[in-house]
Amino acid sequence: MMVFCLTITHAQTDTSKICTYTFKGHVYEGISQKPLLGAIIYIQELNKGTETNEKGEYRMASLCAGKFLVKVSYLGYKPLEQTIIINKFTHMDIVLQADTNVLESVVIMGERQEIYLVSQPINTLEAKALDRTRGLNLAESLREIPGMFTFQTGPSIAKPVLHGMHSNRLLIMNGGLRLETQQWGAEHAPEIDPFITNKLTVVKGASGLRYGSDAIAGVIIVEPKSLKNMSGLGGELNLGGFSNNRMGVGSLMLEGNIARLPDLKWRVQGSYKHAGSAEAPKYILSNTSYREGNYSASLGYLKKKFSVEAYFSRFNTTLGILPDAQPNNTKDLALAIQRAQPRLAEPFTYAINRGYQNVTHHLFSLKTQFNISTIGKLSLTLGSQWNHRQEYDRHPPLKDSLKSSPQYDFKLATQSAELVFDHFQGQHFQGLIGVVYQQQVNEWGGTRFLIPTYFSNSYGAFIIEKWKLNRLELEAGMRYDVKNYNYLFRRGSQFSDSSYRYQNFSGNMGASFRLSPHFTLKSNVGATFRPPTPNEMFVNGQVHGSVFVEVGNANLKAEQGYKFVSSANYQSSRLSFEATVHYAYINNYIYLQPTLLYRETRVGQLLEFAYTQTNASFYGIDLNAIFALTKQVNLVAKGSAVNAYNETFSDYMVYIPPYRGEVSARWQPEFSQFLKKNALYGQVTGSFTATQTRVNPNSDFAPPPQGYALAALELGADVAIGKQLININFQVNNLFNTSYREYMNRYRYFADEPGRNFILRVKIPLSIYKYNV
Amino acid sequence: MKKLIYTISTAAIMATLVLSSCTKDEVKPKDQGTGAGDEEAITRIMLTFTSGTDVRTATFTDPDDSGPKPSTITGLTLKKGLAYIGTVSIFDDTKTPIKFVNEEIAEEADAHRFHYVYSPSTTSGTTMALAITDLDKNNQPIGLTYTATVGSVTGMGKLRVTLRHFDGITKTNNIEEGEADFDLEFDVTVVD
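Same order as they appear, the protein sequences are chains D and F. The opening position of the first sequence corresponds to residue 0 in numbering that gives the first Met the number 0, with each subsequent residue numbered one higher. The opening position of the second sequence corresponds to residue 0 in numbering that gives the first Met the number 0, with each subsequent residue numbered one higher.
Among the clues, some could well be false.
Think about it this way: if two alpha-carbon atoms lie no more than 30 angstroms apart in a straight line, the pair counts; the simulated DSS-like pairs of lysine-lysine are [as the list claims (entries may be wrong)]:
# : chain 1 : residue 1 : chain 2 : residue 2
1 : D       : Lys402    : F       : Lys136
2 : F       : Lys98     : D       : Lys402
3 : D       : Lys410    : F       : Lys136
4 : F       : Lys68     : D       : Lys556
5 : D       : Lys47     : D       : Lys70
6 : F       : Lys78     : D       : Lys402
Quick list of simulated restraints, FRET-style, between CB atoms [to be verified]:
#  : chain 1 : residue 1 : chain 2 : residue 2 : range
7  : D       : Thr692    : F       : Lys94     : 48 to 54 angstroms
8  : F       : Phe165    : D       : Ser698    : 26 to 32 angstroms
9  : D       : Tyr349    : F       : Thr122    : 50 to 56 angstroms
10 : F       : Phe165    : D       : Arg338    : 51 to 57 angstroms
11 : D       : Asp699    : F       : Lys94     : 53 to 59 angstroms
12 : D       : Arg489    : F       : Thr122    : 45 to 51 angstroms
13 : F       : Thr76     : D       : Thr692    : 34 to 40 angstroms
14 : F       : Phe165    : D       : Ala412    : 37 to 43 angstroms
15 : D       : Ser242    : F       : Phe165    : 48 to 54 angstroms
What the hints contain is simulated information worked out from the structure, not anything from laboratory work. The model shown is predicted, which means the values in this text are computed figures rather than measured ones. Think of the CB as a built atom: it goes at the ideal place given N, C-alpha and C, for glycine as much as any other residue.
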C-alpha cells in the first residue's frame with residue numbers, strides 16, 4: 000500500500016558551510032502519474048516548507064548543506080518521510096500514493112474523459128467513501144455528497160435530488176448512455192446498480208450541452224471502471240448484512256485478459272439483494288420487502304489507435320408498497336394520516352404481497368473510438384435500452400383471468416447514436432463537436448390508463464470549445480435540439496393520435512481560475528430547455544400505491560431554464576474546503592399542483608394534482624470541509640441549504656429538501672512496524688436535518704415533520720491474511736433508534752423512518768494473477 | 000500457485016452462493032399478461048328496490064371510472080313501512096356490448112361480499128332493516144340480492160353500500176376487511 004519511488008541525484012562537493020544549495024523536484028500522483036498541485040514539502044530541521052505549483056514542481060533555495068528529514072504531504076494521500084543529504088543541487092521526484100483509508104474522497108477537478116466542463120463543480124464518491132455506502136441504492140449513496148438529497152416513497156424507493164430538482168432534470172449516465180427509463184414517476188427509482196462502478200460522479204450545473212437539453216440541475220455519472228489498465232485476472236467480492244430489514248447483499252466482479260491477446264479485456268459483474276420488512280423503532284413497516292438482482296458484462300478491444308468497447312447491463316427489482324400508503328378506502332385517508340402508526344403492522348417477513356412493482360432494465364452500449372494522432376479522437380456510441388415496468392396495485396384487477404396481472408404495464412424501448420469528435424488544436428484549444436440521435440417507443444399496457452403509448456425521436460448537434468492559458472480556463476458551448484412526440488390514444492376500440500414538436504438552443508459558458516496553488520474559483524452559467532414529458536402532458540389516473548390522482552395538461556409549453564453555479568475550492572495539506580453557490584431560474588417550470596379537489600370515485604375520494612406551469616427560482620449553498628486536526632484525527636463538516644420559490648404565485652415550492660448538516664470525526668491510529676499491514680479506523684457522525692419551514696402549510700395534507708438529529712458510528716479495518724487483503728467495515732446508523740419522519744419521503748404521512756441499523760460489510764479485492772507488462 | 004488455488008476457490012464458492020441465491024426467490028407473477036388497452040372499469044352501479052309495483056332506484060355513474068369526468072350519484076326515495084326486495088347491478092359502459100359485471104361476481108361469489116348499512120341522519124328516527132338473501136357455495140352471504148324493511152318514521156338517512164373482494168384470503172363478514180371494489184353512500188329519503 001505504501002509504495003513510493005525516490006530518485007535522488009546529487010553531486011558531491013565538500014562545502015558544508017555554504018548556504019547556496021537548491022533543493023527541487025516534482026510530486027506526482029501515484030496512479031495517473033499526473034503532477035500534484037499544492038503538495039507540501041517540509042524540512043523538519045529548518046522548520047521551512049514550500050508547495051508544489053501546477054506542474055507539480057517545488058523548489059527551495061539558499062539551503063545549507065546537511066542531512067535533513069523531509070516530509071511530503073497531500074490530503075488524501077499517504078504522507079512520506081525521507082532523510083536526504085543536501086550538498087549541492089539536489090533533485091527529488093516524489094510519487095504519492097492515494098490513501099485508501101481516507102473516508103472522504105478528495106474533490107477531483109475536471110477529468111477529461113466523461114466530464115467535459117471544468118467550470119462546473121464536480122463531486123465524486125470513490126474509494127472508501129463509496130465502500131461505506133455499498134448495499135445502499137444509488138440515491139442513498141449519493142446523500143454523502145453535499146447538495147444531494149433523496150426523494151423517497153418508503154424505505155426501498157429513492158430518487159436522487161440535486162439542488163431541489165430530480166427526475167428528468169437530473170440526468171443519469173450509465174455506460175456512456177443517458178439512462179432512459181420511466182423516470183417521470185415519483186415512485187420510480189433509477190434502475191442503477193451502484194456496484195457496477197468504483198466511482199460515482201455528480202456534476203453540479205446545467206449539463207444539457209453535452210448530455211441532452213433537459214439536464215437543468217446536473218448530471219450523475221455512473222461509469223463502469225475503465226478496462227484500460229487491467230492485466231491478468233482479478234476482481235472484487237463484496238458482501239454485506241443489514242440488521243434493520245435483515246438484508247443480505249452480495250456482489251462479485253471478475254475482470255481480466257489473456258496473455259496471447261492482451262488488448263482484449265473483459266469484465267463480468269453481478270449483485271443480489273434480498274431484503275425483508277424494514278423496521279421503524281416502534282413497529283414494522285409492512286410489505287416493504289424487496290429483491291434486486293443485477294448483472295453486467297464488458298468486453299473491450301483496446302489498441303492505441305483504435306478501441307471498441309461493448310457493455311451490457313441488466314437490472315431487476317421487485318419491491319413492496321406499504322399498505323397504508325394505498326388506503327383501502329379513502330375515507331380512511333385522513334385517519335391513516337392522523338394515526339400514530341400504520342394500521343397493519345404485520346410481523347417481519349421477506350414475502351412481498353400485492354401492492355408491489357417489478358422493474359427490469361436492459362442496457363447495451365457499443366463505443367468505438369479512433370485516435371487520430373495529433374488532431375483528436377473520433378468516437379461513435381450506439382445504445383439500446385429496454386425498460387419494462389409493471390405496477391401491481393394492492394387490489395387485483397376485477398376480472399379473474401387478470402388476477403395476477405399488473406394494473407400498469409409500460410415498455411419503453413430506446414435506441415440512440417452519438418458521434419463525437421474531440422479535437423486538440425495547439426496548446427490552448429480543445430473542443431468537442433457532436434451529433435446525437437435518439438428514438439423511443441413507450442407502450443402502455445395493463446388494465447388501467449395512466450399515460451398514452453407514444454413514439455418520439457430527437458436529434459441534436461453541439462459544439463463546446465475551451466481555451467486554456469496557465470491558470471485560467473475558459474469554455475463555451477452551444478447546442479440545438481429537435482424533439483418530436485407522437486401520442487396514440489385508445490379508448491375502448493377508438494384510436495386517435497396527436498403530434499408535438501419542440502426545438503431550441505441550449506448554451507453554456509464558464510471559467511475556472513486558479514488563484515493560487517491551493518485556491519480555485521469556478522463559475523458556470525447554462526441555459527437549457529426541456530420539452531414537457533408525456534406524463535406531464537397526458538397522465539390521467541391514480542398513481543400506483545397512492546391516493547393521488549395526477550392530471551396532465553396538453554397545453555404545457557417547454558421549460559426554459561437558466562442555472563448559475565460558482566464554487567470556491569481550497570486544498571492544502573491540512574484543510575480541504577469547498578463551497579458551491581447555485582441559482583436557477585426556470586420559466587414555465589412544470590410541477591404538480593394540488594388542486595385541493597377530491598375526485599369522487601367508486602372507492603372513495605382521491606386527491607387530485609394537476610400539472611401546471613409557473614416561473615420558479617431555486618437557490619442555495621453546499622459546503623464541504625475536511626480538517627486534519629492531528630495526524631490521526633480528521634474532522635469533516637458538510638452542509639447544504641436550498642430554497643425554492645414560486646415567482647408567479649409568490650409562494651414556496653413544495654417538496655424541496657430541508658436544510659441539512661453533518662459533522663464527523665475520524666480517527667485513524669498509526670501502528671508500529673509490526674502491525675503496518677493492518678489499518679484500523681473509527682468514525683462518529685452526527686447529522687442534523689431541520690424542519691422544512693419554507694412551505695405553505697395549506698399546500699399539503701400534513702404539516703412537514705419535525706427536524707431530527709441522528710448519530711452514527713463506524714469502525715473499519717484492513718486486514719491482511721497472508722497476502723490477501725480484506726476490508727471490513729462495521730456501521731451503526733441511527734445509533735439511538737430515534738423515531739423520526741423525513742419531509743422528502745411520501746410515506747411520512749403514514750409511518751416513521753426505519754430505526755437503528757447495524758451494517759457489516761466485507762470487501763475482498765481479488766488479484767488472481769498478473770502479467771508483467 | 001497456492002494463492003491462486005486459494006483465491007479461485009474462494010471466488011468460486013462466493014460466486015455459487017451469490018448466484019444460487021439469485022435464482023431462489025425471484026418474484027415472478029404467474030401471468031405477465033400485458034393486456035394492452037384491456038382496461039377494466041365499473042362505470043355504473045344501480046340499486047333497485049321493489050315492493051309490488053313500487054320500484055325505486057338509486058344510481059352511481061362515473062362515465063370514465065376515476066377519470067376526469069365527474070361522477071354523479073342519485074339518492075333513493077323509499078316508502079315508510081314497506082318491505083322491499085333489493086338487487087344491485089354493476090355495469091361497464093365503456094365496453095361494446097355493455098358489460099354486466101354481476102356475472103363475474105357471481106362466478107367468484109366466494110371471493111365477494113356486499114355490505115348494506117343504513118344510518119339515519121342525526122335528527123331523524125328513520126330505520127331500515129337489511130338482510131342478504133343469497134349464499135355462496137360455502138353458505139356465506141354474497142349480497143347480490145337482499146331485503147330492506149323500512150320503518151314507520153319518515154325522514155332522511157344514508158345507505159352505505161360496499162363490495163369487498165377477498166383475493167387469496169378467506170372471505171369474512173367484517174365490513175372493514177377485504178379490498179373495496181367500491182364503497183359508496185347513497186342519500187335515502189323515507190316518505191309517506
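Hint check results:
{"no.": "1", "hint": "D:Lys402 <-> F:Lys136", "in the structure": "holds, 21 angstroms"}
{"no.": "2", "hint": "F:Lys98 <-> D:Lys402", "in the structure": "holds, 18 angstroms"}
{"no.": "3", "hint": "D:Lys410 <-> F:Lys136", "in the structure": "violated, 41 angstroms"}
{"no.": "4", "hint": "F:Lys68 <-> D:Lys556", "in the structure": "holds, 24 angstroms"}
{"no.": "5", "hint": "D:Lys47 <-> D:Lys70", "in the structure": "holds, 11 angstroms"}
{"no.": "6", "hint": "F:Lys78 <-> D:Lys402", "in the structure": "violated, 41 angstroms"}
{"no.": "7", "hint": "D:Thr692 <-> F:Lys94: 48 to 54 angstroms", "in the structure": "holds, 51 angstroms"}
{"no.": "8", "hint": "F:Phe165 <-> D:Ser698: 26 to 32 angstroms", "in the structure": "violated, 38 angstroms"}
{"no.": "9", "hint": "D:Tyr349 <-> F:Thr122: 50 to 56 angstroms", "in the structure": "holds, 53 angstroms"}
{"no.": "10", "hint": "F:Phe165 <-> D:Arg338: 51 to 57 angstroms", "in the structure": "violated, 24 angstroms"}
{"no.": "11", "hint": "D:Asp699 <-> F:Lys94: 53 to 59 angstroms", "in the structure": "violated, 39 angstroms"}
{"no.": "12", "hint": "D:Arg489 <-> F:Thr122: 45 to 51 angstroms", "in the structure": "holds, 50 angstroms"}
{"no.": "13", "hint": "F:Thr76 <-> D:Thr692: 34 to 40 angstroms", "in the structure": "violated, 52 angstroms"}
{"no.": "14", "hint": "F:Phe165 <-> D:Ala412: 37 to 43 angstroms", "in the structure": "holds, 38 angstroms"}
{"no.": "15", "hint": "D:Ser242 <-> F:Phe165: 48 to 54 angstroms", "in the structure": "violated, 35 angstroms"}
Hint check: violations occur at hints 3, 6, 8, 10, 11, 13 and 15; the rest are consistent with the structure.
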